[in-house]
Each structure stands twice: as C-alpha cells, then as structure tokens.
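Build the full structure now, drawing on both the sequences and the hints.
If you want the building blocks of each chain, they are given just below.
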Amino acid sequence: MTLVKASPASWALPSGPELPRVAPVAFCDDRETLTAIATQLLPRVRNLIRYLIHGDQDVDDVAQEALLAVLRGLPTFRQEGSLESWADRIVARVTFTWLRRRKPQRQFSLDVEDASADDCTLPDEYLRRRRLVALLDQLPHEQRYALVLHHVVGLSVEEIALDTAAKLETVRTRLRLGKRRLRELAEPLSTEGGLAHE
Amino acid sequence: MSNSEQSRRPRTFPGLDADLGPARPLSRADTEWLVEQVVGHVREPETMPQRRRLSLRTLSLAAIVVVSSAAAATVVHQRIQRNDAVAARVVAAPPRQTNKPTHGHAVHERAIDSSENVDVAIEIDRSVEVAPSSQTPATREVPPPVTSASSAVSATRGYAIVDELSAANDLRRQAEWQAAEAAYRSIAAHYPGAAEAAVAQLAAAELRLEHLGDAAGALRLYQSVPRSSALGVEALFGVSRAYRALGNADAEAAALRSLLDAFPTSLQADGARARLKQLSADSTHP
Numbered sequence: 005m006t007l008v009k010a011s012p013a014s015w016a017l018p019s020g021p022e023l024p025r026v027a028p029v030a031f032c033d034d035r036e037t038l039t040a041i042a043t044q045l046l047p048r049v050r051n052l053i054r055y056l057i058h059g060d061q062d063v064d065d066v067a068q069e070a071l072l073a074v075l076r077g078l079p080t081f082r083q084e085g086s087l088e089s090w091a092d093r094i095v096a097r098v099t100f101t102w103l104r105r106r107k108p109q110r111q112f113s114l115d116v117e118d119a120s121a122d123d124c125t126l127p128d129e130y131l132r133r134r135r136l137v138a139l140l141d142q143l144p145h146e147q148r149y150a151l152v153l154h155h156v157v158g159l160s161v162e163e164i165a166l167d168t169a170a171k172l173e174t175v176r177t178r179l180r181l182g183k184r185r186l187r188e189l190a191e192p193l194s195t196e197g198g199l200a201h202e
Numbered sequence: 028m029s030n031s032e033q034s035r036r037p038r039t040f041p042g043l044d045a046d047l048g049p050a051r052p053l054s055r056a057d058t059e060w061l062v063e064q065v066v067g068h069v070r071e072p073e074t075m076p077q078r079r080r081l082s083l084r085t086l087s088l089a090a091i092v093v094v095s096s097a098a099a100a101t102v103v104h105q106r107i108q109r110n111d112a113v114a115a116r117v118v119a120a121p122p123r124q125t126n127k128p129t130h131g132h133a134v135h136e137r138a139i140d141s142s143e144n145v146d147v148a149i150e151i152d153r154s155v156e157v158a159p160s161s162q163t164p165a166t167r168e169v170p171p172p173v174t175s176a177s178s179a180v181s182a183t184r185g186y187a188i189v190d191e192l193s194a195a196n197d198l199r200r201q202a203e204w205q206a207a208e209a210a211y212r213s214i215a216a217h218y219p220g221a222a223e224a225a226v227a228q229l230a231a232a233e234l235r236l237e238h239l240g241d242a243a244g245a246l247r248l249y250q251s252v253p254r255s256s257a258l259g260v261e262a263l264f265g266v267s268r269a270y271r272a273l274g275n276a277d278a279e280a281a282a283l284r285s286l287l288d289a290f291p292t293s294l295q296a297d298g299a300r301a302r303l304k305q306l307s308a309d310s311t312h313p
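Chains A and B are the protein sequences, given in the same order. Everything in the first sequence is counted per the numbering used here, starting at 5 for the first residue and increasing by one. Everything in the second sequence is counted per the numbering used here, starting at 28 for the first residue and increasing by one.
Since the hints were made in silico from the structure, they are not lab data. Note that the coordinates shown come from a computational prediction; the quantities given were computed from them, not determined experimentally. There's no promise every hint is true.
[Claimed, not checked] Sample of chain B residues facing chain A (criterion: CB under 8 Å; computed from the structure):
no.: 1; residue: Ala50
no.: 2; residue: Thr58
no.: 3; residue: Gln64
The beta-carbon is built from N, C-alpha and C at its ideal position, and this holds for glycine as well.
The following block contains the structure:
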C-alpha cells in the first residue's frame with residue numbers, strides 16, 4: 005500500500021518519505037509517521053479548503069482543524085479507496101461545519117486583478133486556479149460548495165446531498181445556478197485566455 | 028478519481044492535488060509549524076491546536092508595511108539631518124563675510140527661500156567648505172533663517188517622494204496601468220539614487236511586464252537595477268520572468284542561476300529552483 009504520492013511540484017516541501025506498508029491503525033501513535041502523513045496531505049487540504057471558502061485569511065486555521073480530524077480519523081480508514089479521497093471527504097465536512105458556524109460572510113476585496121498582480125511570479129497553472137477561486141469567491145457559498153464537491157472533489161449529487169443534509173433537487177439547483185453564474189463571471193476572462201469554457 | 032469523475036469535471040475546474048494553488052504557497056517553516064501543531068494535538072481530543080491570532084499572510088503584510096514605513100522614514104530623516112547639518116555649518120560660519128574666497132569658489136548668490144529645493148542647500152554647503160577658515164569674512168551675509176528653510180525644503184522633498192509613490196500606487200490600484208507606469212518612471216527619473224527610485228523602477232517594470240505587454244521594456248528596467256542593491260534579488264527574478272515572457276528559455280535559466288548563486292536563501296530561491304527544474308524537464312522532453 006502506497007499511501008502517499010510524492011508531490012512533483014510541491015512549493016514548500018521536498019518529496020515526502022515513502023510510508024511503510026502497514027495497517028493504518030498501527031501508525032496512529034507514531035509521531036513521525038503522523039507528521040509524514042500530515043505533511044504530505046497539507047498542500048492538498050489547503051487547496052481544497054481554499055476552493056471551498058472565501059478569501060485566504062482563514063485557510064490555515066481551517067486546515068489545522070481539518071488535518072486534525074483526518075489524523076484522528078485514521079483508525080477508521082478502511083483502505084477501500086485512496087487516503088487522499090478519504091481525507092477529502094473529511095476536510096469538506098470540517099469546512100462545511102466551519103462555514104455554518106462562522107459569522108455572516110465577510111466581503112473581501114480580492115478580485116481577479118488583485119490575484120494576478122500579487123502572484124505574478126508563480127506558475128501559470130497556479131494563476132489559473134487563483135483566477136477561478138476569485139470567481140468562486142463571488143458565488144453564494146451553498147452554490148460554491150456544491151460546485152466544488154461535484155466538479156473538483158468528484159462527489160455525486162447524492163453524496164453531496166448526504167453530506168450537506170440537503171434534498172437532491174436542492175443540490176441540483178445549486179449546481180445549475182452556480183455553474184451559470186460562474187460562466188457569466190468567466191465570460192470576460194475567457195476572451196483573455198483567463199479561464200476555459202465548458 | 029475515476030474516469031467518470033474526470034469526465035464529469037468541466038474544463039473550467041482544475042483538479043484537486045497537492046500542487047500550487049489555489050491556496051497561497053506556504054513556506055516550509057510555516058508548514059512545519061502547522062503540522063507540528065496538529066500532530067501534537069492528535070492525542071489530546073479535548074483541545075484544539077492553538078490558532079495564531081493573526082494569519083501568516085496578515086503577519087507578512089504587516090511586516091512589509093512596517094519595514095517599508097521604517098525605510099521611508101529613515102530616508103526622509105536622513106535627508107532632514109543632512110540638510111540640518113548643512114545649514115548648521117552655514118550658520119556657524121562668520122556671520123558677515125566681507126571678502127570673496129580666494130579659491131575662486133564664489134558663495135552662491137541666491138538666497139534660500141522655501142521655494143528652492145535641497146540642491147541649493149548642497150551648493151551652499153560646498154561653497155562654505157572650500158572657504159578657508161583663516162579667511163577674512165566674506166562680503167555676503169548668510170541669512171539666519173537658512174536652517175529652518177533648508178530643513179523644510181528637504182523634508183518637503185522627502186515627503187514628496189513618498190507622496191508621489193503613494194499616488195502611483197493609487198493609480199495602480201485603480202488599474203490605470205499606463206498612468207501608474209509613467210508615475211513610477213517619473214519618480215525613478217527625478218530622484219536618482221534615492222531608495223525609492225529603485226522601488227519605483229521595479230514597479231514600473233512589473234507593470235510593463237504584467238499589464239502593458241512590454242516585456243522587452245520591462246527587461247531593460249529590471250536590468251538597470253543594481254544587483255548589489257537591496258532589491259537585487261527582485262530585479263534578477265524580474266529579469267528571468269521578462270525573458271520567460273520573451274520566450275528566451277536559455278536567458279531565463281541563466282538569470283535564475285544567477286539569482287540562486289547570489290541569493291541562495293532568498294524567498295525567490297525556491298521558486299527559481301522549481302522553474303529551473305521545469306525548464307530542464309522541458310528541454311529534455313520538448
């Protein structure tokens with residue numbers, strides 16, 4: 005079992021150590037192994053959280069909570085899928101809980117220009133993602149959450165409905181409205197090559 | 028993710044992975060700190076990791092603002108001090124100079140008033156220095172108010188640079204790229220040698236590269252910033268990005284290597300290494 009793939013373009017970290025082929029429950033008390041798992045998962049966790057929440061300010065706080073939930077849940081990981089996919093669901097749930105309990109949405113001034121101006125020294129794919137989240141930041145968070153879970157994480161409508169305690173039709177509506185709004189927002193950028201259309 | 032999931036994803040959505048974005052990059056030190064906090068609390072179900080009061084980005088921005096403000100204040104303060112010293116020396120000279128200096132350096136004839144700039148004060152300083160102390164007093168009287176006037180002038184000029192930079196920043200925020208670029212270049216031209224000039228020059232280069240489609244012009248500006256200056260690393264990284272925009276991979280790689288040689292532990296070093304690796308891979312597998 006190879007639990008962790010080395011990240012080829014990791015910004016902050018070198019390739020992580022290959023984890024031992026052991027049952028997860030066996031390494032739940034091993035600090036070194038937990039550190040390796042957390043280190044490997046962190047970039048993906050932060051990326052998913054940033055897809056889900058508005059602005060950059062709270063990403064690391066939510067990432068701490070989510071990563072802690074993942075590590076504490078390791079004994080329940082049944083290895084039926086990849087560790088990453090399993091962790092994604094946990095991260096999404098923690099983020100959803102955080103979104104529900106926090107105060108009314110703050111408005112940030114991040115826009116597409118800000119993102120590109122700030123990050124102009126980074127790779128193009130990074131900029132593309134930043135432009136996308138700048139657009140997502142303009143959506144209601146229910147629509148955003150549904151869109152990200154469906155199109156980024158790859159959950160089905162049924163799975164999203166289950167996770168968010170919403171009706172199937174509600175999730176479908178959120179997806180439809182969110183996609184339409186996103187397309188409208190992306191329209192001006194697509195002429196500049198900012199975002200591709202479906 | 029399965030194939031069906033892949034096909035479900037619209038082209039608008041990039042994948043979810045551990046690569047860069049959309050979360051902002053986290054430094055290695057901050058990554059280690061965060062992981063340590065989390066791992067340290069796995070065995071403590073009742074407690075949550077202690078959150079930082081301020082986010083890392085907020086702290087970074089605060090640090091930049093503080094350092095920038097301090098630098099600007101230092102520059103202004105140094106100018107004021109220098110011209111206070113100049114004026115003090117002028118005032119310390121004999122109050123009435125009845126003879127011309129013997130070395131052929133005439134004391135500047137213009138009286139200083141608040142409308143003249145700091146260069147006038149410097150001219151007077153030079154004139155006083157060349158006048159031998161044993162000389163009989165010069166013919167012209169140096170007006171006593173010179174100290175306060177020159178200080179005010181220099182302070183005004185120092186504040187003017189800051190104001191001009193601020194105005195240029197405002198233009199940039201308003202996406203007035205052309206006007207902002209012109210404003211930055213004007214600052215660099217009017218205050219050569221000032222700390223703010225290099226900052227303005229880099230900002231102008233950035234606008235040319237990112238918003239005005241003038242990579243060649245940006246390259247010239249980046250290259251004109253001295254590498255030995257505090258902004259040398261920024262300039263070198265800018266050079267590499269300009270070459271990238273121009274499609275000159277060899278020159279880009281050379282610039283990145285120069286950056287790594289000169290500033291191996293800079294904030295840009297990791298990005299430079301990653302880009303060099305990418306360039307190397309591209310050249311191996313075109």
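Quiz item: Are there hints from earlier that the structure breaks, and if so, what are their numbers?
Solution: Of the numbered hints, all hold.
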